[in-house]
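S.K.: Throw the hints in and build the complete structure from the sequences for me.
Those protein sequences? They're chains G and A, same order as listed. Sequence positions in the first sequence follow this note's numbering and run 41 to 329. Sequence positions in the second sequence follow this note's numbering and run 3 to 244.
Don't read these hints as lab results, they were simulated from the structure. Given the structure is predicted, the values throughout are model-derived calculations rather than measurements. Where a beta carbon is used, it is the ideal one built from N, C-alpha and C, also for glycine.
Beyond 10 angstroms from chain A on every Cβ pair, some chain G residues (computed):
id, residue
1, Ser154
2, Thr200
3, Ser206
4, Ile236
5, Lys246
6, Arg257
7, Ser259
8, Asn317
Taking CB as the label site, the calculated pair distances span:
id, chain 1, residue 1, chain 2, residue 2, range
9, G, Asn58, A, Pro41, 55 to 61 angstroms
10, A, Leu214, G, Ser131, 45 to 51 angstroms
11, A, Lys235, G, Ser173, 43 to 49 angstroms
12, G, Ser98, A, Met24, 36 to 42 angstroms
13, G, Gly201, A, Pro194, 53 to 59 angstroms
14, G, Lys64, A, Lys235, 29 to 35 angstroms
For lysine to any residue, the following SDA-like pairs were computed, each having C-alpha atoms within a straight-line distance of at most 25 angstroms:
id, chain 1, residue 1, chain 2, residue 2
15, G, Lys147, A, Ile10
16, G, Lys167, A, Ser82
17, G, Lys115, A, Gln5
18, A, Lys77, G, Gly95
19, A, Lys92, G, Gly108
20, G, Lys165, A, Leu85
21, G, Lys167, A, Pro80
22, A, Lys77, A, Lys92
23, A, Lys235, A, Leu220
24, A, Lys4, G, Glu137
25, G, Lys115, A, Glu76
26, G, Lys115, G, Lys222
27, G, Lys147, A, Pro91
28, G, Lys51, G, Asn67
29, G, Lys165, A, Pro80
30, G, Lys64, G, Glu49
31, A, Lys180, A, Leu135
32, A, Lys92, G, Val133
33, A, Lys4, G, Arg143
34, G, Lys115, A, Gln86
35, G, Lys152, A, Ser7
36, G, Lys191, A, Pro91
37, A, Lys4, G, Ser131
38, G, Lys246, G, Ile48
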Amino acid sequence: MSKTSIAIELKNVNFSYNNLDVFKDFNFQIEGDQLISLIGVNGSGKSTFLKLLLGLLSPRSGEVRLLGLHPRELKVRSQVGSALQEIDFPSNVRVGEMLDFVRAQFKDSHSKDSLIKDFSLEEFKNKSCSQLSGGMKRRLALACAFAGKPKIVLLDEPSTGLDVQSRKQLMTNLKKYQQEQKALVIMISHYPTEIIDSVDHFYLLKNGALEIISRERMSSLKQVSEITFTSEKPWSKVDEKKATIKGNHYRFLSTTPDQEIRDLCQQNFPFRNLRVNPLDSQSMIEEMF
Amino acid sequence: MKQMSSNILLQLRISLRDPGFMFTSILLPACLYWFFAVPESGNSYIANFLIASFSAFAFFGVMFLQHAVHTSQEKHNPWSLYLQTLPIPKITLFVSRFVTAVFLGSLSCVMIYGVAQFFTPSDMSLTLFTHILFRLILGSVPFLLMGLLVGRLFNPKSVVPTANFIHLLFSFVGGLWKPPEILPEMLQKISPLLPTYHYGMLVWSLISPEILLQNSSLYYLFGFSGVLLVLLKLTDRLKKFS
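M.R.: Structure representation (C-alpha cells):
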C-alpha cells in the first residue's frame, strides 16, 4: 500500500452509545504505510473507533471506508488483521490448530512455524488455549492478527499482560512488519511513552475528535513527575505551577522535579511529606490533554 | 473449500472435546432412551418405533441447541466477535455449522441405535436406519431456523436454559418421548400443532404401515419454516431500527 493512497476514511460519522454521543459528524482519513498509536483517556471511544473500522459496530449515520470499501466486505477483511481488547479462544483447541484455522481463511498467509517463532509460542504450540495465561493469549491473538499478511492492522492494547521485554520485542516486530509490508498499523496503547521511537504519529482521541500529537510533544512528557507535599503556610507559586490544593495538600506536575525541590528549599518554604512520583502513561494522558 | 473444511474441523474439535456438550447432546439422548424406551421395547415393532422417536428427539436437540447457542453468543463472545473480523463468507459459516450439526446429530442417533441393538429386540436394518437419518436431516431445517430465532431473542446466559426447556417441551408434547396417542387427552390435542409431531411423522411412517406420511405434515414443516423465516427477517429489521 503506498503512502499516498487513503487506507481509512470516515465521513460524517455519528455514533452514540447508551444515548451518549461518542462521535458526532466525525471526519477522518489516513494514508497507508505508517504505524500510528491512538491515545486517549478511558472512555474516549478508542475501542469503539477500532470496532467501527472493523465493521463490528455500525455508525448511526455516515460512512466508514477501508481501502475504499465497506469494512464488512470480504475483500477488505482479507486485508485486515486485528486483535481486540478482549480476547478469548475456544478452550479445547490447541494453539497450533488455532493458527492453522486462521491461516486457512486467507489466500496468502505466513507459515505456522514463522508465526510460532515470531510470537514466541514454541513452548505452547501443543497446549490447549485454556492452559494459556493472559499474556500468552495476547501473543496468540497477535499471531492470528498477522497470519494473513494484512495491509491494515488494528490492535487494541496489544501489550496488555506482556512484560517489558515482550513489549519491546512486540514493538520491534510491529515496526519491522509495517516497514516490510508497507502496511498501516493502528494501535491503542497504554504505554505511549514506551513506543515513541517506533511510532510515526500519535493521535489523541478527545471529545469525539482526533488530534495529531507530535513525537516531540510525547517525548517531553516522558519525564513528567507528580510532586506532592503538605504545608501549613500558603504557597505563593500555586498559580504559576498550576498546583491543586486540598486542605494543606499541594500537588503539581513537572518535568524538572529536582529543580522544583531546590526552589522550594531556597525559598525557605516550610513543607513536609514530600513525594515525587513518575506519572504513569494513562494518568499522564488524563492530566496533560 | 479450504475455508469450509477448516471451519467444520474447528467446530467438530470444539464440540467433541467439550465434555458438557458430549454428555448433553450426544450421550444424554442415548441415556434417556436406555432409561425410558428400553424397558418399553417389548417387541421389535415398539423397539423400532422408539428408536425412530428418540432419534428425532436427539437430532432436533443438536440442530436446535447448536444454532441457538452459537447465534446468541455471536454479539457477546470475544471469540465470536473475532470470527466476524475474518474473511469468512456468512454462507460458509452457516453451511459449516449445519454440516457439523448433521454430523453430531447423526452421531447421537447412532448411539441410540447402538444401545437398541444390545438391549432391545429391535430388528431395524442399517438401510432403514440410514433412511430414518436421511429424513431427519431433511426435516431438521425448521429446527435450525428455530435455533437462529431463539439465539437472536435471548442473551448467552438465558439461551441455554430457554432452548433446553423448548427442546424438552416440544419433544414431549410432540410425541417424541411417548407416542402421541398415549399422551394425556389435552396434550393429544396440542400435539399436532407442534413441528415435532410432524417431524416424528417423517420417521414413524417408515416404521409403521398404519402411519402414512400425509402431505399435511410436509406442508406444516414448510409453512413453519416460512413463518420462522419471516420472523427472522423481522428481527433483522427491528435490530436495524433499534
